[in-house]
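Read top to bottom, the protein sequences are chains A and B. Going by the working numbering, the first sequence runs without a break in its numbering and finishes at 430. Going by the working numbering, the second sequence runs without a break in its numbering and finishes at 430.
Check the hints yourself; a few may be wrong.
You can't tell identical chains apart in this list, so a pair holds if it fits in one copy or across any two.
[Claimed, not checked] Subject to a maximum C-alpha distance of 20 Å in a straight line, what follows is the list of computed SDA-like cross-link-like pairs (lysine to any residue):
hint: 1; residue 1: 322; residue 2: 334
hint: 2; residue 1: 124; residue 2: 331
hint: 3; residue 1: 124; residue 2: 326
hint: 4; residue 1: 35; residue 2: 331
hint: 5; residue 1: 415; residue 2: 359
hint: 6; residue 1: 331; residue 2: 147
hint: 7; residue 1: 43; residue 2: 55
hint: 8; residue 1: 322; residue 2: 147
hint: 9; residue 1: 35; residue 2: 334
hint: 10; residue 1: 35; residue 2: 290
hint: 11; residue 1: 35; residue 2: 153
hint: 12; residue 1: 52; residue 2: 65
hint: 13; residue 1: 243; residue 2: 175
hint: 14; residue 1: 28; residue 2: 295
hint: 15; residue 1: 95; residue 2: 47
If you are wondering where the hints come from, they were derived from the structure by calculation, not from laboratory data.
There are 2 protein chains.
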Amino acid sequence: MKDKREIVIGLLGLGTVGSQVYHALTEKGDALSEKTGFTYRIKRILVRNPDKARQAKPPRELFVTQANEILEDPEIKLVIEVLGGLQPAAAHIEKALEHGKSVVTANKGVMATHGEKLLMLASKHNADLFFEASVAGAIPILRPLQESMATDRILQIVGIVNGTTNFILSQMTHEGKTYEEALKEAQKLGYAEPDPTFDVTGMDAAYKIAILASLAFGHYAKGEEVLHEGIQGISSLDILHAKELGYRIKLIAKAQCEKDGLSLLVAPTLIPPNHPLYNVEGPYNAILVRGERLGDIMFYGQGAGGVPTSTAIVSDVVHAAKNIVLGTSGKSIPKLDNPISLRSPESLLSRFYLRIQVEDRPGTLASIAQVFAEEEASFSAVLQRENTARLTDILFLTHTVREGSLQRALLRVRKLPSVKEISAIFRVES
Amino acid sequence: MKDKREIVIGLLGLGTVGSQVYHALTEKGDALSEKTGFTYRIKRILVRNPDKARQAKPPRELFVTQANEILEDPEIKLVIEVLGGLQPAAAHIEKALEHGKSVVTANKGVMATHGEKLLMLASKHNADLFFEASVAGAIPILRPLQESMATDRILQIVGIVNGTTNFILSQMTHEGKTYEEALKEAQKLGYAEPDPTFDVTGMDAAYKIAILASLAFGHYAKGEEVLHEGIQGISSLDILHAKELGYRIKLIAKAQCEKDGLSLLVAPTLIPPNHPLYNVEGPYNAILVRGERLGDIMFYGQGAGGVPTSTAIVSDVVHAAKNIVLGTSGKSIPKLDNPISLRSPESLLSRFYLRIQVEDRPGTLASIAQVFAEEEASFSAVLQRENTARLTDILFLTHTVREGSLQRALLRVRKLPSVKEISAIFRVES
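If we strip away everything but chain A, and leave its shape as in the complex, we get (with noise of 0.2 Å):
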């Protein structure tokens, strides 16, 4: 009896997060097991090198260098993927779950790529796939977005689901730091990687929205179908103008379905101060969540780092070891087969911020008024300070507009011999 309700674990990696686990399960064990009922045993550890230091010391036979010591141990109930990148993590996680075991993983890359097909094998080997620590580490939102919000229809996902590009927006807007500077100061911090591309491209909370977007709507979106933009053209000037405006610039991920489908995007976006977000400031995610009837349900936390990682993934062994012992493991995969298309952004609708480079000289503002109205484009703020320079910028906020007419009196102002160039095309959320 005392037996069955011992979960014993294979543990894939042991980095920062997988030391974190570690720790968790094994110095806090006892209180862990107080809590749940079960205890908990990490039998094997598969690490590259056995020998490198590392934050976690577990005793030295428990490590294993060949995966398949863990996956094909029938013993081990549970494995936990924290190794990171896409293999061959994705092809472990695979081969445990044929295997019938439960897995619980942190990993978006594998979520947001072959995230489907893992699903499905779970559900046919009657295991778990849990992934709550893929998307904003400590938020609890993945769970809530499929059980508690499950009976309302969620018409939009609004996240900021990266903290390294908040934290340098947040830098950018309150301490008037360039991007360079802020990039800077963010890796000094640990916020950024020292090299930020996965983050600054806009390409991390690109797979952060396809997993929440799949979820919420139950049509398997991939990472790569996200149409995303990066924070590195955003200019200090931008930051300052949309100050002055009162918006602040956030990377944001937005995922958006109506009749026509499902559009997903990830681009900076100009946020007014009413707004739930405004106020999310440095390494801080959150995610708002629109539902039909429940209306905005905002989630906010720490998004990233060791301990909220592995404290996510900690609650999610819980979860399976639940279901382990009632022998129910399985039976909650979500469903992602809600036969819905991407949209293209063509249509949506939004407002939009624009910065225009002009040569100041008369009829300038009203050539350009004239294009935008004749594409059906208004709008809301028009801001030209004094200027004793020959070029000058004009900013403008538009009302709500397709981006498809946007995008046609765009090509057609910049043809406009007195425009210099479009230099910022910003998303404004409502």
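Following the hints, put chain B in place on chain A, whose structure we already have.
Positioned in the frame of chain A, the structure of chain B alone reads:
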């Protein structure tokens, strides 16, 4: 096989929330069945008067006026209680659980008064007792608190859990209304009851923080054990002064667990602008959970209303249904036997806002400051305006001080000859 997956339900009550629940489980029942894999059949509905006009129009033959026709019906596996009020709701829930039926309720009064006994009963009879809708209507907070955050040690919960008072305070802050005007507006819009006592005295918030604290700290706390101050004493003057100092006054419910015990409090509190609760306005609720490892996590959404509340109930119904089908009802009843004691507020540390009315003569400020210094309370801000009247207000923001010390200081300050009255004392959140 088909039959086994039909969940037969008894509904206690058919008011605003009950009608919405009926609607969701019947007219919208097909979509729900599609999503959850079960069908839901409401077999009987308890009403006092079958002839009363109602939002929902169930077939007349569903109505019963005797609770036992539901509570003793062996075919009914799940009871939804939306009667409100303490009795007979609590007695009905008790009887349903004794008959092994799972119960879903939105009744905070019952849970914060008889919750411990009812949960033990549920566990004994292998039945579920779910009450997500009892706190912060639309916001999924109780389940994440019990499941996703269960592996962390929770240090503190700070929340805005009453939409009525938050709406009134928002109106006073942003529209410059008096308390009476704001209350009238809230009543007009349906945010406040004709008799607003339960909300404006902080009693409603006290029930909710008791429920949150019970789950977060594993120690059952009753609503009536929570010290609570309401918002009736808040003058427009204090709202204005708080604003000038950069703060907003909110009715804050707070539960804090330290070595020497658990403290529970509902009180008007000044919130600084960088605080996650600062921007929670109007009828919205937000609950900030501070975990040892997870850091700050905030949940934000609509706190009340028939539609959000019913959606939370339906989500609980789906959970309970799943457990009924899997035979796992009653397996996740929270443990509430953690032996911690309630702390007296005397020993609590906090910052305070004080408004003291004095006669404007030399030495007044010095004599007040002297008393506070002797009681080891120091100030982070003092504000006295130029004034031609004989009486003037001095505002103080204290540094962190033990409430006992502050009370001693105030007793002495009151006796100073130039002090007319202590006009306001509010806590300040850091």
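Hint-by-hint comparison with the structure:
no.: 1; hint: 322 <-> 334; verdict: both (18 Å within a copy, 14 Å between copies)
no.: 2; hint: 124 <-> 331; verdict: within (10 Å within a copy, 25 Å between copies)
no.: 3; hint: 124 <-> 326; verdict: both (18 Å within a copy, 18 Å between copies)
no.: 4; hint: 35 <-> 331; verdict: between (24 Å within a copy, 13 Å between copies)
no.: 5; hint: 415 <-> 359; verdict: within (13 Å within a copy, 72 Å between copies)
no.: 6; hint: 331 <-> 147; verdict: both (13 Å within a copy, 17 Å between copies)
no.: 7; hint: 43 <-> 55; verdict: within (19 Å within a copy, 58 Å between copies)
no.: 8; hint: 322 <-> 147; verdict: both (16 Å within a copy, 11 Å between copies)
no.: 9; hint: 35 <-> 334; verdict: between (27 Å within a copy, 10 Å between copies)
no.: 10; hint: 35 <-> 290; verdict: between (34 Å within a copy, 19 Å between copies)
no.: 11; hint: 35 <-> 153; verdict: between (34 Å within a copy, 11 Å between copies)
no.: 12; hint: 52 <-> 65; verdict: within (12 Å within a copy, 72 Å between copies)
no.: 13; hint: 243 <-> 175; verdict: within (13 Å within a copy, 24 Å between copies)
no.: 14; hint: 28 <-> 295; verdict: between (39 Å within a copy, 18 Å between copies)
no.: 15; hint: 95 <-> 47; verdict: within (17 Å within a copy, 55 Å between copies)
Violation of the numbered hints given earlier is absent; every hint is satisfied by the structure.
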